[in-house]
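K.L.:
Sequence:
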Amino acid sequence: MAIEKVSLVYIEGSLRKVNKTLKKCCESGCFHMNPPPDTSGTELAARNLKDKGLYERMIKRAKALADNLGVKLDENAAFDDIDYNVGSDFKRYLDEIDRQQAGLYEQQAQINSEIRSKGAIYHNLLGFSGFDADFAELLACKYLKPRFGRIPNGSIRKLDFYSEKTFFFYQFEKKENYTWCLYITTSAEVNNIDFLFGSLGFERSALPDYLKGSTEEAARKLLSDMDDDLVKLGEVEEKLKEIADREGEKLSKVYAKLISLNSSYELRANVTVFDNSFHFSGYIPSKEAKRFTEMINSVGDVTVNIRDVTSDDKAPVRLKNNWLFRPFEMFVKMYGLPAANGMDPTPLVAITYMLLYGMMFGDLGQGLCIMLIGIILTKVTKAGLAPIIARIGVSSALFGVLYGSVFGNEEIIQPFFRFPQIYELFGYTEPPHDVFKASNMFLILALIVGICLILATMIVNIVVSLRMGDLDAGIFGASGICGFVFYASLIAGLGCSIALGIQIMTPVYIICLIVLPLALIFFKEPLLHAMESRGIKPVKAAKNAGNIDTGLKAKLAKMQGGKGTEKKSVGMFIIEGFIDLFEICLTYLSNTMSYLRIGGFVLSHAGLMLVFSIISEMFDGAGSVVVLIFGNIFVTGFEGFIVGIQVLRLEFYELFSRFFKGGGIPFKSVSINTKVQV
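Numbered as in our numbering, the sequence shown ends at 692 without a single skipped number.
Treat each hint with caution, since some may be false.
The calculated label-pair distances, taken between Cβ atoms and stated as ranges, are [claimed, not checked]:
{"no.": "1", "residue 1": "V394", "residue 2": "R260", "range": "30 to 36 Å"}
{"no.": "2", "residue 1": "G635", "residue 2": "R663", "range": "40 to 46 Å"}
{"no.": "3", "residue 1": "L338", "residue 2": "G43", "range": "54 to 60 Å"}
{"no.": "4", "residue 1": "V477", "residue 2": "K304", "range": "31 to 37 Å"}
{"no.": "5", "residue 1": "V477", "residue 2": "D289", "range": "44 to 50 Å"}
{"no.": "6", "residue 1": "V584", "residue 2": "L399", "range": "51 to 57 Å"}
{"no.": "7", "residue 1": "V584", "residue 2": "M607", "range": "31 to 37 Å"}
{"no.": "8", "residue 1": "D289", "residue 2": "K255", "range": "44 to 50 Å"}
{"no.": "9", "residue 1": "L530", "residue 2": "R663", "range": "30 to 36 Å"}
{"no.": "10", "residue 1": "E190", "residue 2": "A220", "range": "20 to 26 Å"}
{"no.": "11", "residue 1": "G43", "residue 2": "F430", "range": "48 to 54 Å"}
{"no.": "12", "residue 1": "I458", "residue 2": "M632", "range": "34 to 40 Å"}
The list that follows gives simulated cross-link-like pairs (lysine to any residue, SDA-like), each with its CA atoms no further than 25 Å apart [as the list claims (entries may be wrong)]:
{"no.": "13", "residue 1": "K235", "residue 2": "A154"}
{"no.": "14", "residue 1": "K156", "residue 2": "S219"}
{"no.": "15", "residue 1": "K301", "residue 2": "N319"}
{"no.": "16", "residue 1": "K34", "residue 2": "E89"}
{"no.": "17", "residue 1": "K74", "residue 2": "E261"}
{"no.": "18", "residue 1": "K34", "residue 2": "D103"}
{"no.": "19", "residue 1": "K246", "residue 2": "Y136"}
{"no.": "20", "residue 1": "K451", "residue 2": "T601"}
{"no.": "21", "residue 1": "K188", "residue 2": "F209"}
{"no.": "22", "residue 1": "K86", "residue 2": "K301"}
{"no.": "23", "residue 1": "K31", "residue 2": "A123"}
{"no.": "24", "residue 1": "K74", "residue 2": "E89"}
{"no.": "25", "residue 1": "K682", "residue 2": "N311"}
{"no.": "26", "residue 1": "K267", "residue 2": "E252"}
{"no.": "27", "residue 1": "K156", "residue 2": "D146"}
{"no.": "28", "residue 1": "K267", "residue 2": "R30"}
{"no.": "29", "residue 1": "K132", "residue 2": "S219"}
{"no.": "30", "residue 1": "K188", "residue 2": "K255"}
{"no.": "31", "residue 1": "K77", "residue 2": "N90"}
To be clear, the hints were calculated from the coordinates, so they are not data collected in a lab.
Yeah, the Cβ is synthetic: ideal placement off N, Cα and C, and Gly gets one too.
The whole structure should be built from the sequences, with the hints applied where relevant.
P.N.:
In structure tokens, the structure reads:
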């Protein structure tokens with residue numbers, strides 16, 4: 015239940031092995047790749063493998079060649095025997111295929127076009143069956159213009175109205191809606207007659223000048239020409255097939271390698287090349303070191319160096335938790351990943367979230383329903399919230415047993431506040447009849463829980479800050495050692511005085527445990543400066559720079575005598591110090607009071623169920639049951655949702671803000687996407 019330990023990996027080898035090595039890294043499923051180092055200020059003649067656009071163009075070209083050759087490409091084909099490693103190698107190969115089939119594609123397309131054209135003409139000729147004249151002679155007339163086509167049957171009788179016009183009309187085959195026909199007019203009147211027939215819906219069939227003889231003769235000639243074209247087409251396709259048989263398998267392998275090279279572009283962009291060798295680095299989980307090394311070594315001619323990550327390394331973060339806590343990683347990632355040398359707060363979040371949710375929404379029946387909904391959603395969906403719903407449902411049910419609440423009914427199970435050992439402890443002389451009578455008890459318990467959580471998160475902050483070398487936050491911060499001593503001492507003193515009647519807040523107690531911690535916080539800045547002057551870095555640079563607030567950065571810059579800074583006057587120092595102390599004390603108070611909402615939601619839950627109980631008593635029989643069912647559904651959905659949001663608010667604003675050190679880089683295993691747009 016922590017941040018998984020990772021190791022730094024350096025990989026180098028012969029350039030011709032780079033693609034296989036990257037593929038193995040992807041297949042491992044546990045390699046996080048680093049960006050390439052900046053070599054601009056060095057004398058190394060290094061470069062990065064940025065060649066995405068080049069390979070995309072070649073993929074499209076290889077796909078087009080394969081389509082023309084009728085080759086079925088396999089993007090998963092093994093390409094180990096294809097010794098092409100740079101763009102010029104692939105270009106030469108594709109150029110060679112182009113040379114082999116030069117002109118064949120154009121011939122194929124031209125012949126297919128001619129066959130389609132002649133087929134359409136042949137289809138039109140069938141409509142002029144019975145035409146005995148010679149097409150060539152008629153189409154060659156100088157003063158007469160023939161027009162072959164078809165006209166709607168309804169327009170034929172309209173031609174009688176234009177008998178004075180200069181045209182000759184002849185009908186051929188008649189269909190259901192139209193008739194194949196011919197009209198002949200003079201060269202002088204052709205435009206007018208064409209307009210007339212066009213207005214009547216005439217559709218002209220353009221016949222080529224090379225038609226000769228009657229309809230039957232011209233049709234036979236077209237069929238004969240098409241047979242000849244098919245023979246030519248077969249010869250061209252046979253030549254293409256020979257090329258496909260000869261080059262198809264290799265073309266498929268080249269295509270697969272291009273796909274691999276292109277899809278690994280983002281990975282290759284992180285590879286540095288010089289002296290005909292490649293170099294790149296990344297991180298792997300330490301437990302995967304042996305398996306990963308064996309996978310990479312299987313490539314051959316590649317060297318793998320693995321070393322442990324030091325505290326100065328900016329390693330990626332992968333959270334590692336058991337099945338119970340793992341779903342709550344979603345909340346942590348919403349707030350931000352912890353730093354690599356920080357602490358995974360997931361277990362704390364999981365425990366406190368389930369605890370607070372159960373306390374604020376405790377009901378055995380409704381909790382079991384929430385748990386059942388969470389289990390069902392976990393089975394049928396991949397929603398990250400589903401397993402969390404199941405877990406908080408269990409917590410709600412457990413606290414429902416303590417509260418004695420079953421679907422709002424508090425008579426089935428005896429609640430904990432009716433036991434003498436409990437209610438007498440809180441000053442009650444008789445057992446509270448219901449939750450409202452025990453409201454003071456719930457509010458006091460809410461404050462106790464809040465105080466314990468605040469103190470716990472302060473301890474976590476101290477441990478994490480000191481481990482990260484942040485002495486400012488670990489010692490002098492509001493949640494550091496000074497803040498912890500002040501808050502714990504103040505709470506202990508007030509608690510003993512009010513609850514137990516024991517006066518422990520003596521002058522020595524107040525001076526040592528309350529005033530002194532505040533004084534150390536007040537004089538934090540000169541104390542940090544004194545530490546800095548003695549060679550003690552209050553905040554380690556570089557790795558934690560992203561976690562230091564802007565104000566502290568400015569303070570450290572002043573301590574170090576940075577240029578452009580102004581010296582602070584004593585008066586300004588005092589004013590700022592008192593403002594900071596007032597803000598810290600106000601934050602302690604507001605944070606503590608914020609936990610009163612726990613008791614408030616316990617009371618609101620009981621109040622809502624009481625309302626529906628009273629309404630149900632206004633109905634008889636089935637109506638009363640319906641009201642209770644609706645009330646439970648409404649409360650479970652509405653209040654359950656509101657409580658979930660309120661608990662998350664407590665997590666983010668009251669807990670995380672005290673100890674969380676963000677800035678972590680997510681661990682992302684590299685992968686290759688083989689889906690390419692072509």
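K.L.:
A separate judgement is required for each hint: does it hold in the structure or not?
P.N.:
Outcome of the hint check:
1. V394 with R260: 30 to 36 Å: 53 Å, violated
2. G635 with R663: 40 to 46 Å: Holds: the Cβ-Cβ distance is about 42 Å, inside 40 to 46 Å.
3. L338 with G43: 54 to 60 Å: 25 Å, violated
4. V477 with K304: 31 to 37 Å: The hinted range 31 to 37 Å holds for V477 and K304, with Cβ atoms some 32 Å apart.
5. V477 with D289: 44 to 50 Å: 47 Å, holds
6. V584 with L399: 51 to 57 Å: For V584 and L399 the Cβ distance comes to about 54 Å; the hint holds.
7. V584 with M607: 31 to 37 Å: 35 Å, holds
8. D289 with K255: 44 to 50 Å: This hint holds: roughly 46 Å between Cβ atoms.
9. L530 with R663: 30 to 36 Å: Distance hint for L530, R663 holds at roughly 34 Å.
10. E190 with A220: 20 to 26 Å: At roughly 24 Å between Cβ atoms, A220 and E190 fall inside 20 to 26 Å, so the hint holds.
11. G43 with F430: 48 to 54 Å: 49 Å, holds
12. I458 with M632: 34 to 40 Å: Hint holds: Cβ distance 36 Å, inside 34 to 40 Å.
13. K235 with A154: Judged against 25 Å, a Cα distance of about 19 Å means the pair holds.
14. K156 with S219: 20 Å, holds
15. K301 with N319: Given pair K301, N319 holds - Cα atoms ~15 Å apart, limit 25 Å.
16. K34 with E89: The hint holds at about 16 Å.
17. K74 with E261: 17 Å, holds
18. K34 with D103: 18 Å, holds
19. K246 with Y136: Holds, because 19 Å separates the two Cα atoms, which is no more than 25 Å.
20. K451 with T601: Given pair K451, T601 is violated - Cα atoms ~31 Å apart, limit 25 Å.
21. K188 with F209: At roughly 23 Å apart (the allowed maximum being 25 Å), F209 and K188 satisfy the hint.
22. K86 with K301: Between K86 and K301 the Cα gap is close to 43 Å, so the pair fails against 25 Å, i.e. violated.
23. K31 with A123: Roughly 42 Å between the alpha carbons, so the hint for K31 and A123 is violated.
24. K74 with E89: 13 Å, holds
25. K682 with N311: 22 Å, holds
26. K267 with E252: 23 Å, holds
27. K156 with D146: Given that 25 Å is the threshold and the Cα spacing comes to 20 Å, the pair holds.
28. K267 with R30: 16 Å, holds
29. K132 with S219: 13 Å, holds
30. K188 with K255: Violated. K188 to K255 sits at ~46 Å, over the 25 Å cutoff.
31. K77 with N90: Holds, at about 14 Å.
Of the hints listed earlier, those the structure fails to meet are numbers 1, 3, 20, 22, 23, 30, in rising order.
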